[in-house]
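*Asks:* As a plain string of letters, each chain reads:
There are 2 protein chains.
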Amino acid sequence: MEIIKGRRAVRNFLDKEIAGKDLEVILEAGIWAPSGSNIQPWEFILVDDPVLVKKIKLVSPGLYGLPRALIVLCVNRKRCEKGGKLGENMAVMDVSMAAQNMMLMAYSLGIGSCPIVSFNKLALKQLLDIPEHVEPLLIISLGYPTEWPQPPSRRPLEEVVHVNGYGEPFKR
Amino acid sequence: MEIIKGRRAVRNFLDKEIAGKDLEVILEAGIWAPSGSNIQPWEFILVDDPVLVKKIKLVSPGLYGLPRALIVLCVNRKRCEKGGKLGENMAVMDVSMAAQNMMLMAYSLGIGSCPIVSFNKLALKQLLDIPEHVEPLLIISLGYPTEWPQPPSRRPLEEVVHVNGYGEPFKR
Numbered sequence: 001m002e003i004i005k006g007r008r009a010v011r012n013f014l015d016k017e018i019a020g021k022d023l024e025v026i027l028e029a030g031i032w033a034p035s036g037s038n039i040q041p042w043e044f045i046l047v048d049d050p051v052l053v054k055k056i057k058l059v060s061p062g063l064y065g066l067p068r069a070l071i072v073l074c075v076n077r078k079r080c081e082k083g084g085k086l087g088e089n090m091a092v093m094d095v096s097m098a099a100q101n102m103m104l105m106a107y108s109l110g111i112g113s114c115p116i117v118s119f120n121k122l123a124l125k126q127l128l129d130i131p132e133h134v135e136p137l138l139i140i141s142l143g144y145p146t147e148w149p150q151p152p153s154r155r156p157l158e159e160v161v162h163v164n165g166y167g168e169p170f171k172r
Numbered sequence: 001m002e003i004i005k006g007r008r009a010v011r012n013f014l015d016k017e018i019a020g021k022d023l024e025v026i027l028e029a030g031i032w033a034p035s036g037s038n039i040q041p042w043e044f045i046l047v048d049d050p051v052l053v054k055k056i057k058l059v060s061p062g063l064y065g066l067p068r069a070l071i072v073l074c075v076n077r078k079r080c081e082k083g084g085k086l087g088e089n090m091a092v093m094d095v096s097m098a099a100q101n102m103m104l105m106a107y108s109l110g111i112g113s114c115p116i117v118s119f120n121k122l123a124l125k126q127l128l129d130i131p132e133h134v135e136p137l138l139i140i141s142l143g144y145p146t147e148w149p150q151p152p153s154r155r156p157l158e159e160v161v162h163v164n165g166y167g168e169p170f171k172r
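Protein sequence lines, in the order shown, are assigned to chains A and B.
According to our numbering, the first sequence holds residues 1 to 172 in order.
According to our numbering, the second sequence holds residues 1 to 172 in order.
So here's chain A without its partners, still in its complex pose (with noise of 0.2 Å):
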């Protein structure tokens, strides 16, 4: 719950590189998210390259500051087929479940992260050479913030949860 509590968006970074290390776990929790028929729809394109990272952001209006590196979280279409009618809704699933394993892993760490779905997805699709059945969901920035962020205010439980039907209040 700590770590759940604490997590952030985080927009503004220091410039102190990540270790590769500590990407590889980020990325390896992502894999580990819960996943509908065990399809796994996801492809991860990690971007450590600063120059690439710099690009990104000018096609990227949802990219806040100048992050060190990039989870950008792609969904791969042939392998969602296998999932029916509902593949392509249970694909958005999983990889937003991998996404926010990615970012409470990273938080876990110190890393600061947030979640991006506003940017040009044709111009990431060619900077990134994604080809025509992968698409890209949402980018992940990563890096060490300059400050933790306070907390966002959020619905109290007694107006998000209801109990046994809708409009049924929920009583701590």
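Please keep in mind that the hints were generated in silico from the structure rather than gathered at the bench.
Do not take every clue at face value.
To be verified - Counterexamples of contact, computed for chain B against chain A with all Cβ distances above 12 Å:
#	residue
1	N12
2	L14
3	D15
4	E17
5	W32
6	K57
7	L58
8	V59
9	G65
10	E81
11	A123
12	T146
13	E147
14	W148
To be verified - From the structure, some residues in chain B lie toward chain A, with a derived Cβ separation under 10 Å:
#	residue
15	M1
16	I4
17	R11
18	H162
19	V163
20	Y166
Built from N, CA and C at the ideal position, the CB exists for glycine as well.
Dock chain B against chain A, hints included.
*Replies:* Here is chain B on its own, set in the frame of chain A:
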């Protein structure tokens, strides 16, 4: 990493109650997921009434075993509107990340879980009085496992991860 790698999809449950305090902690983990533009599009319906769990099981082919509780994770479409054209996609991601937080939290409490996307959405909405603008996306089953399953096979990092361009292999 121990929690991330240890979590399993559990489909056989003991007939053992989950303490209310533990359910609260699991739900609390959900509201600390990242949320694009802090929209928090989620509504969570906790189902701990055994009769209702059985009724939901009847309309959910993806629900195995007899869990002691369910959490139905929904998107509130009215909240999504603030997100513009990316709103719907972000909402699926937010809810998926909340689900992953919940499943990791459950595991850290010794409680098994399984994400379920195969259910009759209309029947579920009727059983839980879910209004028109709220869409159930995912069910998480919860219960103490009869045993922890073996880890599923996973595509290795060398296959899943590309470095600075698609197809450029990752080396440990």
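*Asks:* All the hints need checking, so say for each whether the structure fits it.
*Replies:* Structure-based check of all given hints:
{"no.": "1", "hint": "N12", "in the structure": "holds, 17 Å"}
{"no.": "2", "hint": "L14", "in the structure": "holds, 21 Å"}
{"no.": "3", "hint": "D15", "in the structure": "holds, 19 Å"}
{"no.": "4", "hint": "E17", "in the structure": "holds, 15 Å"}
{"no.": "5", "hint": "W32", "in the structure": "violated, 5 Å"}
{"no.": "6", "hint": "K57", "in the structure": "holds, 15 Å"}
{"no.": "7", "hint": "L58", "in the structure": "holds, 16 Å"}
{"no.": "8", "hint": "V59", "in the structure": "holds, 15 Å"}
{"no.": "9", "hint": "G65", "in the structure": "holds, 16 Å"}
{"no.": "10", "hint": "E81", "in the structure": "holds, 16 Å"}
{"no.": "11", "hint": "A123", "in the structure": "holds, 14 Å"}
{"no.": "12", "hint": "T146", "in the structure": "holds, 19 Å"}
{"no.": "13", "hint": "E147", "in the structure": "holds, 18 Å"}
{"no.": "14", "hint": "W148", "in the structure": "holds, 14 Å"}
{"no.": "15", "hint": "M1", "in the structure": "holds, 6 Å"}
{"no.": "16", "hint": "I4", "in the structure": "holds, 5 Å"}
{"no.": "17", "hint": "R11", "in the structure": "violated, 12 Å"}
{"no.": "18", "hint": "H162", "in the structure": "holds, 5 Å"}
{"no.": "19", "hint": "V163", "in the structure": "holds, 5 Å"}
{"no.": "20", "hint": "Y166", "in the structure": "holds, 5 Å"}
When each numbered hint is compared with the structure, violations occur for hints 5, 17.
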